[in-house]
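Residue numbers (the working numbering), protein chains in the order written: chain A, 1100 to 1693; chain B, 1100 to 1693.
These are calculated hints, taken from the structure and not from any lab test.
Treat the hints with care, since some could be wrong.
[As the list claims (entries may be wrong)] Cβ-Cβ distance ranges computed for the label pairs, FRET-style:
(1) Q1191(A) <-> L1593(B): 20 to 28 Å
(2) G1541(B) <-> A1250(A): 24 to 32 Å
(3) A1229(B) <-> A1268(A): 35 to 43 Å
[As the list claims (entries may be wrong)] In silico BS3-like cross-links for lysine-lysine, where the CA-CA straight-line distance does not exceed 30 Å:
(4) K1221(B) <-> K1221(A)
(5) K1265(A) <-> K1456(A)
(6) K1221(B) <-> K1409(B)
(7) K1362(A) <-> K1204(B)
(8) K1681(B) <-> K1204(A)
(9) K1456(A) <-> K1262(A)
(10) K1585(B) <-> K1221(B)
(11) K1221(B) <-> K1380(A)
(12) K1204(B) <-> K1585(A)
(13) K1380(B) <-> K1221(A)
(14) K1204(B) <-> K1347(B)
(15) K1380(A) <-> K1270(A)
(16) K1265(B) <-> K1380(B)
(17) K1380(A) <-> K1265(A)
(18) K1221(B) <-> K1204(B)
(19) K1409(A) <-> K1204(A)
(20) K1380(A) <-> K1221(A)
(21) K1270(B) <-> K1177(B)
Here a beta-carbon is modelled for each residue, glycine too, at the ideal position from N, C-alpha and C.
The residues making up each chain are set out below.
Protein chains: 2
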Amino acid sequence: MQTPIHQRVALLRHWLTEQGLDAIIIPHEDEFLGEYIPAHNERLLWATGFSGSAGAAVITRDSAAVFVDGRYTVQVRKQAPADLFDYCHLIQQPPMTWAAQTLHKGSKVAVDLRLHSGNWWKAQQAAASALELVAIDSNPIDTLWHDRPAATLSTALLMPLDKVGKSSADKRAELAASLTTSGADAAMITTLDSIAWLLNIRGADVECLPVLLSQAILHHDGSVDFYIDPARLPAEFARHVGERVHVKHPEALEADLRAFSGKRILVDPATANAWTSETLKAAGANVIEAADPCLLAKSAKNAVELAGMKACHVRDGAAVVKFLAWMDREIAAGHRPNEGELSDQLWAFRQQDPSCKDLSFHTISAAGGNAAMCHYRHSDENPGPLVENSVYLVDSGGQYLDGTTDITRTVAVGNASAEVKQAFTLVLKGHISLATARFPAGTTGNQLDALARQHLWAYGFDYDHGTGHGVGHFLNVHEGPARIAKVPNPVALLPGMVFSNEPGYYRADAFGIRIENLEQIVEIETAGDMSVLGFSSLTRAPIDQRLIDVSLMTDADITWLNHYHQLVWDEVSPLLSSADDKAWLQQATAPLTR
Amino acid sequence: MQTPIHQRVALLRHWLTEQGLDAIIIPHEDEFLGEYIPAHNERLLWATGFSGSAGAAVITRDSAAVFVDGRYTVQVRKQAPADLFDYCHLIQQPPMTWAAQTLHKGSKVAVDLRLHSGNWWKAQQAAASALELVAIDSNPIDTLWHDRPAATLSTALLMPLDKVGKSSADKRAELAASLTTSGADAAMITTLDSIAWLLNIRGADVECLPVLLSQAILHHDGSVDFYIDPARLPAEFARHVGERVHVKHPEALEADLRAFSGKRILVDPATANAWTSETLKAAGANVIEAADPCLLAKSAKNAVELAGMKACHVRDGAAVVKFLAWMDREIAAGHRPNEGELSDQLWAFRQQDPSCKDLSFHTISAAGGNAAMCHYRHSDENPGPLVENSVYLVDSGGQYLDGTTDITRTVAVGNASAEVKQAFTLVLKGHISLATARFPAGTTGNQLDALARQHLWAYGFDYDHGTGHGVGHFLNVHEGPARIAKVPNPVALLPGMVFSNEPGYYRADAFGIRIENLEQIVEIETAGDMSVLGFSSLTRAPIDQRLIDVSLMTDADITWLNHYHQLVWDEVSPLLSSADDKAWLQQATAPLTR
């Protein structure tokens, strides 16, 4: 059957022949290399039909393959036509490996350097020695895609000082001082949330991520060149950011990069695209590979940002409580809303707060065995039904003007089995062990990760994802540079960072459990040799006590849970106007006893 | 005052002038790069008077410096004459940095490549770009040292199969197969305990480490060239190791290395000296940098080795129990043996077992504030007295024919303060948390390290050393490649590995606490998704209950302790002939109650 995908692949093959090329690699990423990309940059979707959030394709003159990770092996087979594409594992058989196996030696493979990181480009040049990689000036899809959606180009939202706590001028001065110390003339700021943080602005160009598609260069004198259509900036922008922010048309970037000839400029090879560093190098600039200087500064939030995070979590908690209370009432009334209806209802409760601007990521609303897929996304056409005598998992968050939330709750539907309760309780004990951890300055997330897994491990269980990711302030819900995971990460946890604490357990085709709060890193005085760091939970919503096997809980576990539930009651109940919701929260936060 | 050190430095300066050189670097290490070196290779001691176990010196024509780490800052000032030497920190101001600051640009620095690792040599060539490093063929100290002690050249002890569990031929065949897979023609085996393990032999050339000073090359066909004086091997050696072990004079090594021209040979740049790899490279060999292939195989012990480890720990425990009982009786009788008498008495009890061949390291016998120095070594001339109403720390071990032990106990002298009891109990809780950990295959030591520190951290305490090192089987008491520490180490813990579990706490000038058992990694079946790994304590000696603050112990902590003490009683009491010792052990292992 001929589909639009067949026509598009044929157009790309025609282009290959015209250009004298043998293949083209099409990644999911756009030039900003972020996790979320706008619809008009979904080139992989256009070329293959595959709509997942990560992947790539290679199209040669007579063959093609699409590459996805374990999350998408089922989905890709439904979306990318099997008569056109081989299906490959993105990590086990990456695109360039497949291309080297499929193509003759010396074949020419087109690469759009804007869509790949500097690190990727370095690795490929070594890996693909049998192929000739050809950097293309313009992407053929941008020409061939006739019904390409228009870019959503929002007007910049200027964040007031009482929301962000530090002026852009002060942030720039601090970073500029460290640039000067390191002997650099400038730093490329290419990560969209870094730009938004540095200039104290937000946008709505991308779903779930309140940023503006733009680029920036920070100079050692604290001035910034900001590459964006000036029409997108409100009149007050100049006063808002202070002196020495020069707004330039995006087209001016290339010439400005060339002007770095002979100068030293920091580029983050993990987050900046390869086109940027290659353009700089070709112009004779001295490219210093180093982390985006905004990353660490942004992740350790100031007191004003933290106050906003705390406040929005109470309001977000009220929305979650209304949802959980409503869901329990629906079930008690014999109704069985499906995954889509549940997700929509939760979003409706969040939207009652006018400061809630967006989801912080696509809601995971998963019933029964669907929750065993930890990145499950329900089908809009055919959402799964609630499963009786099992658990329902909902992982969701909101983008509020004063902060970003991310919470997972797993709730009983009918009577859960002893197996489910055992797993839920072990996950909860891991969550509590991490939440109550104390540790010295300098500790990294991978040193703490086992605290969250130890109780599952003792019973022969584990979960195949990290324990905690950083969370931005009305920015990216997945924020670096530190994280809490098995894999070593050299960045120490700092006061003011915010992390998720989300151990889980997944039994294939049966059920999935995850308990996630966000936690702020706080400094704690001791009577010992040093103060230590610890976590302070921001999230405010009850943890389902119907799923707890009390016999597995220590006294200290119960004390933590009861204290946490008291906080939830104290802070969230004043926001509930419905007596039913209040009554529901009261019983949900009642002290657990043996 | 002129001392022999002044004369020796003068001789070295004369040699520098003669050779047209500007400086010489003298490391503590000998050509085998091990932790323990024989007396005849103590070149740093000869040149400086400094007797510590790590350090270096640089002597120029008109200046000199000695470099030590934090353990030795006091000692070095007593030993190396101040009118000759600057005192520098080995890590913060390493030898080549000092040399580059002290000498004119282009100065010639003599380096004996036999005494440095390949990794060190690579790093220096980059670090010392302003100096000319000159590799010397022979070390001037070897010529100038007229009263150099003769080397202790012991006769090889052939280890029977019922002690080591696997024949040398089988070990060689397995390693050779993996060499072939990796496409290498041979591997340098330069670590002394690797050679001893591979050939199932032991020796007494070095204090505390039962090895023979020798070198070996393992070929891909399973044959070995073994470089050692044949006179040191008993007649049965050939039958013992099986076919294809070719014994060669040490002088033959250089020519044999040259014969690798055009061949591929593995060299471990962390453990093999730079002379080896430079000689190979100069001959045109293809040097592949990779870990010594014996390291991982040796560290995961077989069932016979583990049975020996278990058995020797019971006998070692009996010696420790006799010592602790004797010490308590001495104290009760009003005697106060000093650190030296205590150390000697413990060694005397160990030597009652004829299979105990040596200490496994120099005993740390530390009273009162001395124990706050975690690598304390008491003075033979002026050992410290026992301190009343404090604690005494003894860290010691034996080399037995069937295994190696390493145990630390901290014991009450009089009435310990509440502070001491709090710290002791927090250390004990960390020890128990690690001892009871369960974790999946693939877990590395740094993932578990926080389990041992968490209780100290919660009170604002920590310890500045690793939590656990590997331990050999009648071999090195500090054995790689895995370890349990804050710093990431990529090597996963495997069943059959043996680690120390030794959290501690040190309050400067006041007291020191450490509780150390050895633990074997065992596989544990579960009712969950997978079997897991865990620790099984090998050490058998009571933990001083007089120092426990029971209010800090959970029920699970108390259960562990009582179970452990029951094991100690059951296994050690049959080895005690004295009624007094038995009675002492009975009260020391009586169940702890609230």
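Status of each hint after checking the structure:
no.: 1; hint: Q1191(A) <-> L1593(B): 20 to 28 Å; in the structure: 25 Å, holds
no.: 2; hint: G1541(B) <-> A1250(A): 24 to 32 Å; in the structure: 44 Å, violated
no.: 3; hint: A1229(B) <-> A1268(A): 35 to 43 Å; in the structure: 42 Å, holds
no.: 4; hint: K1221(B) <-> K1221(A); in the structure: 24 Å, holds
no.: 5; hint: K1265(A) <-> K1456(A); in the structure: 22 Å, holds
no.: 6; hint: K1221(B) <-> K1409(B); in the structure: 42 Å, violated
no.: 7; hint: K1362(A) <-> K1204(B); in the structure: 28 Å, holds
no.: 8; hint: K1681(B) <-> K1204(A); in the structure: 79 Å, violated
no.: 9; hint: K1456(A) <-> K1262(A); in the structure: 15 Å, holds
no.: 10; hint: K1585(B) <-> K1221(B); in the structure: 26 Å, holds
no.: 11; hint: K1221(B) <-> K1380(A); in the structure: 28 Å, holds
no.: 12; hint: K1204(B) <-> K1585(A); in the structure: 46 Å, violated
no.: 13; hint: K1380(B) <-> K1221(A); in the structure: 28 Å, holds
no.: 14; hint: K1204(B) <-> K1347(B); in the structure: 44 Å, violated
no.: 15; hint: K1380(A) <-> K1270(A); in the structure: 28 Å, holds
no.: 16; hint: K1265(B) <-> K1380(B); in the structure: 34 Å, violated
no.: 17; hint: K1380(A) <-> K1265(A); in the structure: 34 Å, violated
no.: 18; hint: K1221(B) <-> K1204(B); in the structure: 20 Å, holds
no.: 19; hint: K1409(A) <-> K1204(A); in the structure: 58 Å, violated
no.: 20; hint: K1380(A) <-> K1221(A); in the structure: 13 Å, holds
no.: 21; hint: K1270(B) <-> K1177(B); in the structure: 47 Å, violated
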